[in-house]
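Participant: Throw the hints in and build the complete structure from the sequences for me.
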Amino acid sequence: MPTEYLPILIFLMIALAFGLGALLLGEAFRMKRPYAEKLMPYESGNLPVGEPRQRFSIRFYIIAMLFVVFDVEAVFLYPWAVVFDEIGLFAFIEMVIFIIILLVGYIYAWKKEAFVWD
Amino acid sequence: MIQQLFFAYFSAAIILLSVLVITRRNPVHSVMWMLLLFFHLAGLYLFLGAEFIAAIQVIVYAGAILVLFLFVVLLLNLREELKTNRFITSWPVSLIICAGILLLIISSLRDFLLGPIGKYSVEYLRKETNTVALGKVLYTEFLLPFEIASLVLLVAIIGAIVLAKRRVKSH
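Chains Y and H supply the protein sequences, listed in that same order.
Note that this note's numbering has the first sequence beginning at 1, numbered continuously upward.
Note that this note's numbering has the second sequence beginning at 1, numbered continuously upward.
These are calculated hints, taken from the structure and not from any lab test.
Since this is a predicted model, take the numbers as computed values, not measurements.
Keep in mind that a hint or two might mislead.
[What the hints assert, rightly or not] Here's a subset of chain H near chain Y, in silico, CB distances under 8 Å, partners left out: (1) Val-58; (2) Ile-59; (3) Gly-63; (4) Thr-140.
Think of the CB as a built atom: it goes at the ideal place given N, C-alpha and C, for glycine as much as any other residue.
Facilitator: Spelled out as C-alpha cells, the structure:
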C-alpha cells in the first residue's frame, strides 16, 4: 500500500464529510413550507416551457469522441516526458510519428467540419 | 490488517456500485454511479501499487470516457427509454448462465500458480516509480504496439465522424 497517498485519502474523507455534513445540517435546520409554485422548476422567473429532457445534437458525440482520443494521446505523453532524458532522440522521433498520425485525424475532422456549429 | 480493510472496502464498493449502475431506471443516474465506480477502481489500482494506471483511470475513464457515455445517453430519447420494459423477462436463463460462468471461474482459480518473480517486482517499481518503469518499456521494447495505438485512435476519430457527420448532412 503506497503510504504517500494517505493525504489524498484524508482530503477525500474531509471533502465527503464536508459535503454530507452541509446537506444534513441544512436538512435538519431549514424551514420546509413547500407549495406548488415553489416546487416548480426555476426558469429565470418564467413559466417552464416544454420538456426538460431534450435530445442532444449528434455533434456532441463527435466532440466527446475527439476528447477521448486526444486525452489518450496526452496520457501517452506523460511517461514519454518522464523517460525522455534516458531514451533521447529515438523517443523524440517515435513521438513525432505518433503525433503526426493523430494529426491526420485532426486535419480530417477539421476538413469534415466537425468543429463547425451552425 | 488495514490493507485487508482497504481491499474489502474497495471490492465491496465496486460490487455495490456495479449493481447500482445496471439497476437504475434513469440512464443518467447510471452514469453518475459509474463515475463513483471508476473512482473506486482507481482506488483499487492505487492499493495494488499501480499508480500510473490509477491516474489513467481517473483521467481517461472518469474524465473522458464518462463524458462520452453521458453524451451518448443524452442522444437517446430518454422519455421513451424510461417507459419501455426492461430486459428481465428471461432472467432465469441469465441466472443459469451467470452461475455457470461463476462456477467456471471458481473451478479454474485453484489452478492459478504463482510463477517466479520477474524483473518488474514491486520493489523495482517502488524504486523506479511506475511511470518511469512503464516509459522505459513502452518506448523501446513495445515501440510497434505504441505506434499502432495511434492508428487505433485515428480509426476512432474517422469512425466517429463518418458515423455522425452523415446524419447531420441528411437533414
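Participant: Each hint needs a verdict: does it hold in this structure or not?
Facilitator: Okay, the hints, checked on the actual structure:
The beta carbon of H/Val-58 comes no nearer than 11 Å to any beta carbon in chain Y, farther than 8 Å, and the hint placing it at the interface is violated. Interface restraint check: H/Ile-59 against chain Y, minimum CB-CB distance 6 Å, threshold 8 Å, status holds. Of the supplied interface hints, the one on H/Gly-63 holds, with its beta-carbon coming within about 6 Å of a beta-carbon of chain Y, less than 8 Å. This hint holds: H/Thr-140 has a C-beta 6 Å from the nearest C-beta of chain Y, less than the 8 Å allowed.
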